[in-house]
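Model the full assembly from the supplied sequences, consistent with the hints where possible.
In order, the protein sequence lines correspond to chains U and H.
If you number the first sequence the way the working numbering does, the last residue is 452 and the count never jumps.
If you number the second sequence the way the working numbering does, the last residue is 904 and the count never jumps.
Keep in mind that the hints were calculated from the coordinates and are not lab data.
All values reported here derive from a predicted model rather than from experimental measurement.
Cβ-Cβ distance ranges computed for the label pairs, FRET-style: (1) H:840 with U:62: 26 to 32 angstroms; (2) U:62 with H:746: 50 to 56 angstroms; (3) H:758 with U:241: 37 to 43 angstroms; (4) U:12 with H:802: 45 to 51 angstroms; (5) U:192 with H:840: 40 to 46 angstroms; (6) U:193 with H:453: 40 to 46 angstroms; (7) U:443 with H:497: 14 to 20 angstroms; (8) U:62 with H:805: 52 to 58 angstroms; (9) U:88 with H:497: 56 to 62 angstroms.
Cβ coordinates follow ideal geometry from the N, Cα and C atoms, glycine included.
Now for the letters of each chain:
Number of protein chains: 2
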Amino acid sequence: MYSQEIQSLMKSKKLKIGDRVKVLKDGKEFQGFLMPRIEIGDLNSLVIKLDNGYNIGLKYEKRLKIQKMGQGIKLGSIPSKKFSRKPGLPSVSLIATGGTIGTHVDYKTGGVFMVRTPEEIVATTPELENIVNMKTMLRPFTVASEDMNHKHWQELAELVAKELNKGARGVMVTHGTDTLHFTSAALSFMLKNLTKPVALVGAQRSPDRGSFDGVMNLICGSYFTGYSNIGEVCVVMHGTTNDDFCFAHRGTKVRKMHTSRRDAFRSINEIPLAKIWPNGKIEIGNENYRRFDEKKVVADTKFEPKVALVKSYPGSDPEILDWYVHKGFKGIVIEGSGLGHVPTGESGVKIGEFDQKFSWIPQIKKAVENGVVVVMTSQTLYGRVHPFVYRNLRLVYEAGGIYGEDMLPEVAYIKLGHVLGHTKDVEKAKQMMLMNLAGEINKETDPRSFLV
Amino acid sequence: MYSQEIQSLMKSKKLKIGDRVKVLKDGKEFQGFLMPRIEIGDLNSLVIKLDNGYNIGLKYEKRLKIQKMGQGIKLGSIPSKKFSRKPGLPSVSLIATGGTIGTHVDYKTGGVFMVRTPEEIVATTPELENIVNMKTMLRPFTVASEDMNHKHWQELAELVAKELNKGARGVMVTHGTDTLHFTSAALSFMLKNLTKPVALVGAQRSPDRGSFDGVMNLICGSYFTGYSNIGEVCVVMHGTTNDDFCFAHRGTKVRKMHTSRRDAFRSINEIPLAKIWPNGKIEIGNENYRRFDEKKVVADTKFEPKVALVKSYPGSDPEILDWYVHKGFKGIVIEGSGLGHVPTGESGVKIGEFDQKFSWIPQIKKAVENGVVVVMTSQTLYGRVHPFVYRNLRLVYEAGGIYGEDMLPEVAYIKLGHVLGHTKDVEKAKQMMLMNLAGEINKETDPRSFLV
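This is the structure:
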């Protein structure tokens with residue numbers, strides 16, 4: 001809600017939210033639509049959506065002049081698009097799930113809602129109908145990404161496989177960004193023998209903002225699915241803060257690395273597979289990828305939900321592992337420090353009884369003895385864990401933990417659920433965890449992949 | 453241990469580990485010391501430490517010729533240095549704690565040991581005696597950084613304050629790298645009214661390797677403590693993979709971001725305070741820092757150890773919070789997703805009973821009702837959390853959680869222990885958590901601080 005001053009001004013000028021207005025301030029003129037005050041910010045500033053799409057905040061002061069120019073945009077209604085089908089173009093299916101890319105601001109209440117249909121999502125980006133023939137648009141559920149779990153991943157994998165096997169050249173999934181990389185990893189493991197492009201696309205800014213990134217991400221995602229020769233699950237999102245190009249990140253090597261930037265998604269321990277420009281140019285950045293083919297894909301969605309991701313840090317209470325064992329968990333991924341350390345209570349001069357209370361080794365041993373698969377990863381995110389450099393690393397190894405190579409903790413977590421969904425044999429599960437199933441383990445890391 | 457072939461070769465030539473040898477292979481000659489096979493690698497390759505300090509691996513083959521040149525280095529002994537004191541130079545104290553920078557390889561057994569005395573650490577870097585007058589060298593304990601906890605931080609803070617108040621211009625602390633950034637945050641909060649430089653210095657490679665980074669880090673740390681006008685706790689480590697310069701990272705804005713690279717430490721949501729070259733040049737990179745002064749510092753080390761850092765992710769079991777509450781924890785930092793989300797089980801079409809099982813909101817509410825301070829941070833690491841963008845964020849806020857601005861999860865964890873060590877009043881603790889105490893909260897983030 002605006003300040004009392006602005007509310008009075010609006011009343012006296014008979015202005016309503018959504019009206020087209022002209023504002024004069026400090027000798028400058030601004031024309032656009034009067035927006036509601038929906039985000040954090042100065043309640044005493046008018047928000048005007050300019051014709052270039054950007055919002056501007058104009059601090060209220062007595063000298064400011066405002067004039068109503070017309071009724072303006074119809075607020076509260078959701079634009080929708082009847083998508084024209086162009087059979088000459090590559091056939092791509094769209095699956096909408098939820099998230100910022102599918103939100104719509106109700107200017108009457110200021111609330112942000114998730115839109116209901118894929119048609120409403122593509123309405124933001126009419127260019128798409130000249131890029132692909134989007135013959136099927138589905139909405140299995142509309143869920144913000146923080147509320148996704150393995151049931152949603154399973155349903156998505158089934159749908160993607162069905163669309164591809166029915167003839168789609170690729171599938172684009174719109175999704176919230178918070179856990180987009182968990183879903184991309186899950187689909188990478190669940191879509192066995194995938195040889196067609198699957199793009200996960202989201203937005204960091206909502207469609208009511210001038211800085212909405214969904215348009216370019218949808219365009220690049222369409223080129224990726226309709227034209228690239230990459231037969232993998234990729235996250236297709238802004239490469240920089242500008243609208244210049246997107247990256248296609250391998251689904252098992254990508255992570256959201258910023259709360260709000262449009263270029264928040266980054267490949268970790270991997271060079272992005274491709275750069276995609278909104279004019280359709282696709283440049284391969286990493287030759288290590290699966291080539292496009294017309295083979296059938298299998299949705300292999302078995303998943304053990306009793307897996308956990310646990311952080312180990314100075315002062316952390318190791319008995320947390322007992323809790324998971326007691327609750328019947330079958331697998332635990334530990335986010336350790338550095339090369340894969342946990343506190344051991346054994347590492348030096350003046351380690352005493354107090355310090356030994358923090359040791360994770362007895363609890364790891366107990367978990368392993370109870371048939372739990374324990375996988376070590378690193379909270380540094382970049383780099384590779386291995387047990388043979390320092391003595392304390394060997395302690396985890398000797399306790400029965402395995403070291404997850406260069407896998408991200410989140411990816412190791414998803415993979416563990418996938419693996420334990422397929423075997424109850426602990427030794428087999430350990431073996432599978434250390435095999436590269438979907439691009440999640442590289443034997444060598446390209447040094448150029450750090451912080452890019 | 454070397455392969456059978458190499459062991460036979462050594463026997464026939466009467467060679468011992470540590471001998472000086474000359475090797476002829478493929479028309480090339482190599483001279484150096486025969487090293488043990490201590491790391492992962494090809495057991496059938498001879499490792500020679502060349503005179504330039506680098507180790508080289510030479511694959512064994514029949515044509516290879518090896519010749520003993522002399523007895524070579526005395527193995528198993530630890531070099532030590534009687535440090536010459538130069539009173540004209542700035543007076544700096546050294547506190548050694550443990551970690552790779554203080555390790556020594558025993559070539560007889562191949563084991564890596566922590567050295568015992570600071571003299572043995574500075575012996576790696578004789579240049580130091582021409583930079584600072586290191587009049588006091590202490591070793592309060594020798595503990596690998598994965599085994600550090602708040603007791604060690606408290607002891608360190610006391611010692612650093614004592615040295616500074618006794619007249620040292622700065623203090624350099626050598627430390628393992630795994631949790632170096634936890635210790636730097638703890639010292640930043642505990643050293644009240646600090647106006648002198650405190651450098652935390654470590655190494656990613658051990659002193660027996662040609663790529664040992666400790667030498668340059670110690671040199672840069674000496675310049676930082678002896679000459680810079682920065683009165684803060686900083687992590688001083690390699691800025692790049694080359695030996696060109698170090699960064700001085702603010703102690704509350706830094707994180708280990710790679711398991712093994714020498715430039716693993718990076719500032720997050722902050723530009724590094726300074727660049728330091730090994731020739732002594734110091735370039736300020738960020739004008740927002742506390743200037744050097746001669747004021748007394750207070751070691752304010754009260755700390756509540758019953759605090760936890762918990763990760764929330766798709767499918768995570770929210771009852772983990774009940775466990776911490778039940779165990780008497782006073783504070784919990786949650787690593788949520790994106791802007792500070794947790795699963796809510798409320799966010800859309802087709803959220804059912806199954807999904808609601810994953811909701812963290814009831815457990816957060818219960819923890820808050822039990823007097824636990826709950827602080828939200830983001831697993832993206834970069835960026836800022838806040839509760840006013842999406843409805844699901846408001847749910848955490850309404851349940852009584854607070855949003856930790858642009859603080860790193862690890863730093864929020866240390867800060868919560870510090871704050872709850874000083875007040876049992878929940879409202880006061882919440883206020884303190886949202887105040888900037890030691891550079892851990894920036895009101896604005898420099899966009900150039902992403903992935904640098």
